[in-house]
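Novice: Generate coordinates for the entire structure from the input sequences, incorporating the hints supplied.
Using my numbering, the letters of the sequence shown map in sequence onto residues 411 to 674.
Hints are computed from structural coordinates only; laboratory data are not their basis. Predicted model, so just to flag it, every value in this text is computed and none were measured. Any given hint could be a false lead.
Estimated spans, in silico, between C-beta atoms of each pair [what the hints assert, rightly or not]:
id: 1; residue 1: Ser451; residue 2: Glu561; range: 36 to 46 Å
id: 2; residue 1: Met620; residue 2: Val545; range: 27 to 37 Å
id: 3; residue 1: Ser615; residue 2: Arg502; range: 27 to 37 Å
id: 4; residue 1: Ala467; residue 2: Leu547; range: 11 to 21 Å
Here a beta-carbon is modelled for each residue, glycine too, at the ideal position from N, C-alpha and C.
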Amino acid sequence: MIRAAVAVAAALSLAPAVPGDARAQTAPPIARTGDLNRILSDFLGDTMRRNTDALEAALRLHLPQNADSVFWPDADFTPPRRAVMLVRSQERDLPHSRVFVTEERVEIAAAGAGGPVELSLIRVQRFNLGPARRVALQDSLGADQVGPAAEFGEGPHVEWRFVMRPLQGMNAALVAAGRRELQPADDADCGPVACLSPDPVPLGSTEPDMAGDDTNTDDLIARLDRMTEADAWLIERGMGQDTGILAVALSQGRITEAAAAFPR
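Specialist: Shown next as structure tokens:
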């Protein structure tokens, strides 16, 4: 942790990256003072620290390469979009899941004579809803009509925390990361829905924007970012039609936009 903080502090005076994904106007970052090491330590909390170089390398194995560009394929991705991709590169795919993403943007004083630097503090919580969906189907159809647990997806509930910032051609360079497994309470909330609920998030009058069938979770976040301001995102997979992905943007807990896709 100390080495990570020292590395960040040394880089704080470097020029910011190229502009990132187009985003709707967002609230200004919250200014913070104090020791960078303390900010990172407080945010990462009791997570198991992960090597950022290894995470970056694993992510890029999943990205298309462009030999004609001097930038990485994900150089202009926003922090929430990149965080979701990092989790996808590290965790086994689940057929039924709910992902809750929050972003806090803070501004800290740079080392030396540089100006303030903006950090994005991203939490990504992924809940395995396969067991809950299986129980719900057993209750409605009968246990003998429902497949084995493995067909619904097996794996823990997890939380990843990422610290990102613009740096050397990257809009959301990874500064620090941590992971932990969750034991959520039954009434834990993911914005407008209980995190462990087997039922889809209620959209009310919000009509999802339909994306192409080659769209992934991170693409939906980028789509929402172009449509509306948000401080949190909720992504559900396999909740209605089993192949469907629904993503909603949230601002102060209220749904502002939604987008959906049915990947092949």
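Novice: All hints are to be evaluated individually against the structure, with a verdict given for each.
Specialist: Results for each hint:
For Ser451 paired with Glu561, a C-beta distance near 41 Å keeps the hint of 36 to 46 Å intact. Range check, Met620 to Val545: about 30 Å between beta-carbon atoms, so the 27 to 37 Å window is met. Range check, Ser615 to Arg502: Cβ separation about 36 Å, and the 27 to 37 Å hint holds. Between Ala467 and Leu547 the beta carbon distance is about 40 Å. The supplied range of 11 to 21 Å is therefore violated.
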